[in-house]
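J.: Sequence:
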Amino acid sequence: MKLERPRGATHARLFTPNKKAALVEVQNLDCLQGVAGKITWLKGSKSKGYKELGETDFDGEYES
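Going left to right, the sequence shown walks through residues 71 to 134 as this note's numbering numbers them.
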């Protein structure tokens, strides 16, 4: 699956169906290979925390 990330996204949070979560930087998305769930795209800021930019259903298959 080719993931289309929103412009400005710096991080991604993955929520799995069994209530687990992972937070990774966008350049490290390949470490989520094989884990299905819902990805929430985030823009990180040191002063304001994270801002949600959108969501994507993820099937566990990743193509760069």
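A portion of the hints provided could be inaccurate.
Per label pair, the in silico range of CB-to-CB distance [as the list claims (entries may be wrong)]:
(1) Glu131 - Ala91: 11 to 21 Å
(2) Ser117 - Asn88: 32 to 42 Å
(3) Pro87 - Ser117: 13 to 23 Å
(4) Val96 - Asp129: 26 to 36 Å
(5) Glu74 - Gly104: 16 to 26 Å
(6) Val105 - Pro76: 16 to 26 Å
(7) Thr86 - Glu133: 25 to 35 Å
(8) Ser117 - Lys72: 30 to 40 Å
(9) Asn98 - Gly119: 17 to 27 Å
(10) Gly119 - Gln97: 12 to 22 Å
(11) Lys89 - Tyr120: 24 to 34 Å
(12) Lys121 - Glu74: 15 to 25 Å
(13) Asn88 - Lys116: 24 to 34 Å
These are computed hints drawn from the structure, not numbers from a lab.
Just so you know, even glycine gets a beta-carbon here, dropped at the ideal spot from N, CA and C.
J.: Take the hints in turn and mark each one as holding or not.
T.: Hint-by-hint comparison with the structure:
1. Here the CB-CB span from Glu131 to Ala91 is close to 20 Å, well matched to the stated 11 to 21 Å.
2. In this structure the supplied range 32 to 42 Å holds for Ser117 paired with Asn88, their Cβ-Cβ distance being about 34 Å.
3. The given range of 13 to 23 Å is broken by Pro87 and Ser117, whose C-beta atoms sit roughly 34 Å from each other.
4. At about 18 Å, the CB distance of Val96 to Asp129 disagrees with the hint of 26 to 36 Å.
5. For Glu74 and Gly104, the hinted distance range of 16 to 26 Å is satisfied, since their beta carbons lie about 20 Å from each other.
6. A C-beta distance of roughly 21 Å is found between Val105 and Pro76, which places it inside the suggested range of 16 to 26 Å.
7. Checking the proposed 25 to 35 Å range against Thr86 and Glu133 shows it is violated: the Cβ atoms sit about 20 Å from each other.
8. Checked against the given bound of 30 to 40 Å, the beta carbons of Ser117 and Lys72, roughly 33 Å apart, stay inside it.
9. The given range of 17 to 27 Å is respected by Asn98 and Gly119, whose C-beta atoms sit roughly 19 Å from each other.
10. Here the CB-CB span from Gly119 to Gln97 is close to 20 Å, well matched to the stated 12 to 22 Å.
11. The given range of 24 to 34 Å is broken by Lys89 and Tyr120, whose C-beta atoms sit roughly 20 Å from each other.
12. Taking 15 to 25 Å as the suggested C-beta distance range, the pair Lys121 and Glu74 conforms, at roughly 18 Å.
13. For the hinted restraint 24 to 34 Å between Asn88 and Lys116, the CB-CB distance of approximately 32 Å keeps it satisfied.
Of the numbered hints listed earlier, those contradicted by the structure are 3, 4, 7, 11.
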